[in-house]
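Protein chains: 2
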Amino acid sequence: MPLVVVGSVALDSVRTPTESRDNVLGGSATYFAYAASFFTPVHLVSAVGEDWPAEHTRLLAARQIDTTGLQVVPGAKTFRWTGKYLPNMNDRETLDVQLNVFDRFDPVLPEEVTRCRYLFLANGPPAIQMRVLDQCKGADLRVADTMDLYIRGAADELAELLRRIDGLVLNDSEAKLLTGDENLVRAGHKVREMGPRFVVIKKGEHGAMFFSQHETYVLPAFPTPNVVDPTGAGDSFGGGMMGYLAEQGNVDPKTLKKAMAYGTLAASFTVEAFSLDRLQQIQRADLDRRMEEYKRMLSF
Amino acid sequence: MPLVVVGSVALDSVRTPTESRDNVLGGSATYFAYAASFFTPVHLVSAVGEDWPAEHTRLLAARQIDTTGLQVVPGAKTFRWTGKYLPNMNDRETLDVQLNVFDRFDPVLPEEVTRCRYLFLANGPPAIQMRVLDQCKGADLRVADTMDLYIRGAADELAELLRRIDGLVLNDSEAKLLTGDENLVRAGHKVREMGPRFVVIKKGEHGAMFFSQHETYVLPAFPTPNVVDPTGAGDSFGGGMMGYLAEQGNVDPKTLKKAMAYGTLAASFTVEAFSLDRLQQIQRADLDRRMEEYKRMLSF
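Here the protein sequences line up with chains A and B, keeping their order. Each residue of the first sequence is one higher than the one before, starting from 1 at the first, in this note's numbering. Each residue of the second sequence is one higher than the one before, starting from 1001 at the first, in this note's numbering.
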């Protein structure tokens, strides 16, 4: 079952305690789409500027990622993000953001894409996320990500969005901010009571939590000695999760849990190199091999 | 198989964002012993002062905890700790410490206790921990805990201790401090290379990691909406883990992993109330029921 993702495509500059990269391929929708493409065809909807290297489009298209919805906007520049990781490689500072083409991004989905039944709204203003929902009326599964910027600055729109989606994916600090509750188990359920049927709280190196009416669980991150660049881990998590759900074509509790596990493993590969470098080296079979290790790790 | 624990018994004063308790039963060896007593008989070796309420000894003795090794030192006062939890209920500040009787604690183990084959050295100066090792020459399994104070202030003795024990249990921040490595997977193995056959890194609300020559794994904490007081969670973890190992009488990889799970669950009960209040309400069957839930949570 094909999957649509709407969100940012970016050129990232990343500083870690030991290495740096400038203007590498990044963006939430990029990482999401690439991770999801191990499981299912993906339609990527985003915008870039005239400075966008065509090789990046080719890299995406070489997988089963349809870039028809990736607009190259004349006269505009691509979104740029510069960030720096602290020595723990889990916390980071944003050093610079240039929204550029995203300053006025108003996605118009190609006709074929609007008929998609699996939809992921990566980080973006909730008003824009809702305009995408308006275009995809027939979607069976609508999942969104959000962030502190919109929790603080667009609370009403976010509240409306939460009533219109099936699932929300967010970070631990964002879940605390949104609910005012420091206990993540309570916070997860409070977010769920705002609308979505299920909520996923991402905890970075500590894994992810899942909340639905009848289920509460935690899956740890896959233990990785070699964290090179955590950028895109959360988005790869979302891509692995949604990709597997779309592939399976259902969202029963068992499939959702396995999707959480695939999300965890997609993220574990992403952090092993800068940008999409590690994901480009692997195949679905590598994810499946790591899945066997991960299952062994969690059985006793 | 009986189990010995040597460590602190204390009167704790605890401030949480919503509630406080003064002079309640605490101490690392206390929590450890109580959690372990669900699995096996425990010999508790520690010291208290004349101010020690006899009811606390009765509370321990009412379970299978032998308090012959709990000296009541004339003229001395019991160890007291006062701490305050931050709103996240994971980080805390120590407001006051009165070592009192522990200022010159030099444990002399009763003859019967020295023949024990399972030994846990709760937090304490490594030189003292080694004096206990000297008395228990026949132990099959010697596991110790340590803390930042000794990593910083008694590095040589700690290095010697590490070469003489089978396992070390420590917090994530302590593992980073001891190794200078911010990546916990690498840090765990670096600690292991300092001597112990296995290392357990406790991550508080994020669970625990295990390291041996051939194994690296993470188990998440049991998700608890109701964290009342995290004091003693790490010690209860140790007690549940060692208690199960002593009960089983072996330390093969499968038993160790299940022991890690029991430690996780013992801790999950401890945090649901102040002091030992929650552990006093439960039976082994409650741990086993939660174990079934925990296993279900981690299978997919």
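No wet-lab data here; the hints were simulated from the structure. All figures in this text were calculated on a predicted structure; none of them were measured in a lab. Possibly wrong hints are sitting among the right ones.
To be verified - A few chain B residues facing chain A, derived, Cβ under 7 Å:
1) W1052
2) P1074
3) K1077
4) P1087
5) N1088
6) E1182
7) V1185
8) Y1217
9) V1218
10) P1253
11) K1257
Stated by the list, open to error - In silico EDC-like links for lysine to aspartate or glutamate, alpha-carbon gap of 20 Å or less:
12) B:K1084 - A:E292
13) A:K254 - B:D1091
14) B:K1258 - A:E292
15) B:K1257 - A:E292
16) B:K1295 - A:E215
17) A:K257 - B:D1091
18) B:K1295 - A:E182
19) A:K176 - B:E1292
20) B:K1254 - A:E292
Using N, Cα and C, we set each Cβ at its ideal position, and we do this for glycine too.
Earlier hints that do not hold, by number
Going through the list in order, the structure violates hints 1, 2, 3, 10, 12, 13, 17, 18, 19 and respects the others.
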